[in-house]
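Top line first, the protein sequences correspond to chains L and V. Each step along the first sequence adds one to the number in the numbering used here, with nothing skipped, and position 129 is 129. Each step along the second sequence adds one to the number in the numbering used here, with nothing skipped, and position 192 is 192.
There's no promise every hint is true.
[Said to hold, decoys possible] Cut-off 20 Å, straight-line C-alpha distance, at most; resulting in silico cross-link-like pairs (EDC-like, lysine to aspartate or glutamate):
1) V:K178 to V:D235
2) V:K148 to L:D207
3) V:K148 to L:E261
4) V:K148 to L:E95
Honestly, the hints are just simulated from the structure, not real lab data.
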Amino acid sequence: MIPIPPAGPPSLHVSLRAVTRVFRTEGRVVRALGPLDLDLRKGEFFAVVGPSGCGKSTLLELIAALAPPTEGTIAFEGQPITGRVPDGVGVVFQENACFPWLTVADNIAFGVRRLGLDGPEVARRLDHALTLMGLRDFADAYPAQLSGGMRQRVCIARTLVTQPRLILLDEPFGALDQQTRLLMGDELLRVWRDTGATILLITHALDEAAMLADRIGVMSARPGRILEIIETGWPPDRDSRIVADPEFGAVTARLWRRLREESVTSLSGTSLSGTSLSAGAR
Amino acid sequence: MVALWRLLLLGVPIVILEILCRSGAIDRITLPPPSTIAVDMLRLLGSGRMNTAIANTLTHVVVAVAGSIVVGIATGALVHRLAPLRRVLEPLFATYYAIPIYAFYPLLIVVFGLGDAPQILIGFMLAVVAVIVSTLTGLDSVPAVLAKTALVHRMGPVATALRITLPYAMPHLFTGMKLAVAYAFIGVIGAEFIMSRTGVGYEIRYAFDNFDNATMYPLILLVLLVAVVVNLGLDKWERRLMARRRGL
Numbered sequence: 001m002i003p004i005p006p007a008g009p010p011s012l013h014v015s016l017r018a019v020t021r022v023f024r025t026e027g028r029v030v031r032a033l034g035p036l037d038l039d040l041r042k043g044e045f046f047a048v049v050g051p052s053g054c055g056k057s058t059l060l061e062l063i064a065a066l067a068p069p070t071e072g073t074i075a076f077e078g079q080p081i082t083g084r085v086p087d088g089v090g091v092v093f094q095e096n097a098c099f100p101w102l103t104v105a106d107n108i109a110f111g112v113r114r115l116g117l118d119g120p121e122v123a124r125r126l127d128h129a130l131t132l133m134g135l136r137d138f139a140d141a142y143p144a145q146l147s148g149g150m151r152q153r154v155c156i157a158r159t160l161v162t163q164p165r166l167i168l169l170d171e172p173f174g175a176l177d178q179q180t181r182l183l184m185g186d187e188l189l190r191v192w193r194d195t196g197a198t199i200l201l202i203t204h205a206l207d208e209a210a211m212l213a214d215r216i217g218v219m220s221a222r223p224g225r226i227l228e229i230i231e232t233g234w235p236p237d238r239d240s241r242i243v244a245d246p247e248f249g250a251v252t253a254r255l256w257r258r259l260r261e262e263s264v265t266s267l268s269g270t271s272l273s274g275t276s277l278s279a280g281a282r
Numbered sequence: 001m002v003a004l005w006r007l008l009l010l011g012v013p014i015v016i017l018e019i020l021c022r023s024g025a026i027d028r029i030t031l032p033p034p035s036t037i038a039v040d041m042l043r044l045l046g047s048g049r050m051n052t053a054i055a056n057t058l059t060h061v062v063v064a065v066a067g068s069i070v071v072g073i074a075t076g077a078l079v080h081r082l083a084p085l086r087r088v089l090e091p092l093f094a095t096y097y098a099i100p101i102y103a104f105y106p107l108l109i110v111v112f113g114l115g116d117a118p119q120i121l122i123g124f125m126l127a128v129v130a131v132i133v134s135t136l137t138g139l140d141s142v143p144a145v146l147a148k149t150a151l152v153h154r155m156g157p158v159a160t161a162l163r164i165t166l167p168y169a170m171p172h173l174f175t176g177m178k179l180a181v182a183y184a185f186i187g188v189i190g191a192e193f194i195m196s197r198t199g200v201g202y203e204i205r206y207a208f209d210n211f212d213n214a215t216m217y218p219l220i221l222l223v224l225l226v227a228v229v230v231n232l233g234l235d236k237w238e239r240r241l242m243a244r245r246r247g248l
């Protein structure tokens, strides 16, 4: 294991060293993840793709401190992550995490009100988030009155108001239709440029990863490890029109070449290391 | 239109009852005509003779309801967090309403005397388990992603319960609260009926013992009206809250 310096180089935002996650269910031991090393640079847009059940979501939960690693260490801004979700980390989940009893504005302000900021500051951040996510006309609506895409915007906005330096997204557009996903991708890029936050996006959609990320980590079938990291080389001011670029096709094709074998392995029920696949990764 | 049908459904039997009473098919000792009961009720309320009894009963019901809601939700939230305790208690909750709680009434009187406490306790005991059970059901319905959201916002168990899980469970809590109101009425008035020196239940019993139909039936009507009005009010409130959540 490589020792972590107390304050890592400023360009390194998150670092995972020899991280594993092992589940014990009904007497069986299932290695879901790792050993895995990963470094996220400050301010980059990093996507993780991998076959289903490879432990992508587990990886996110470990970084968010929603679950502890079985072995290894995870550091955020040079500080090891232990137990609690670190300050400065925001998470957006795939499922609808809106609070149905609150209006859109109250949903978004929820996180920032918990920080104990004064009224004008809360109002200012709420206003900014409403504008950035295009929710200004829906501030007084309830989540049930919104479409799936709008609800996911509310959840993203609720994360943004806390001004996280690291935003973790667990298949945030997984439940949306293709057009909405492309548009939400644009929104996400705008948010990324606007906030300067580091983004880690977990996705099963290769085109989504290829369109949005600076770097894409390809994960193996369970137990998930990073097989390869692909640099896309997109300019920071990119948007969804990049899908028409021949280079986009090349990146997607490269991702699929790398993933195809892993997906087949994952489907056939035996992983590369021969570990039994009997239970879900979560 | 629906309201009209509802009115007809309630009104027609009352009219038929009125005709049966007026024609002598039902004799006056058994049941006075509904219109007479209504007039007697207004006169009784106007006389102020029942004010103390009504105030006592309502106070007891309010205390029993408030107590059962606070204790029931707190207990439900606690038991929900402690899985082993829940496994022990759940079958007991399920069979709780098989227990004839009134059987304990004499014991309660021995312990607490012939004051307010035994009646409130009976109402509370009947109501509280309905609140606990509906709190558990409500908390079970909270999606895992909301629990994770609470962790992301670095909320402790109490803040999570008050700000996220209990508000989410509100529809179920409402069911519990409506049951609590109904059970508390049953408990308090029933207890006054059996052994008490005050309250509407006691007055009904007293009138019954003295063949005083002009007091007994108006009081029964009053109890009926209060219970229906309170539940309708809760129902309206619930509908208003739920309409937003369902996006109506």
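Structure-based check of all given hints:
no., hint, result
1, V:K178 to V:D235, "holds (8 Å)"
2, V:K148 to L:D207, "violated (28 Å)"
3, V:K148 to L:E261, "violated (33 Å)"
4, V:K148 to L:E95, "holds (11 Å)"
The earlier numbered hints that this structure contradicts are 2 and 3.
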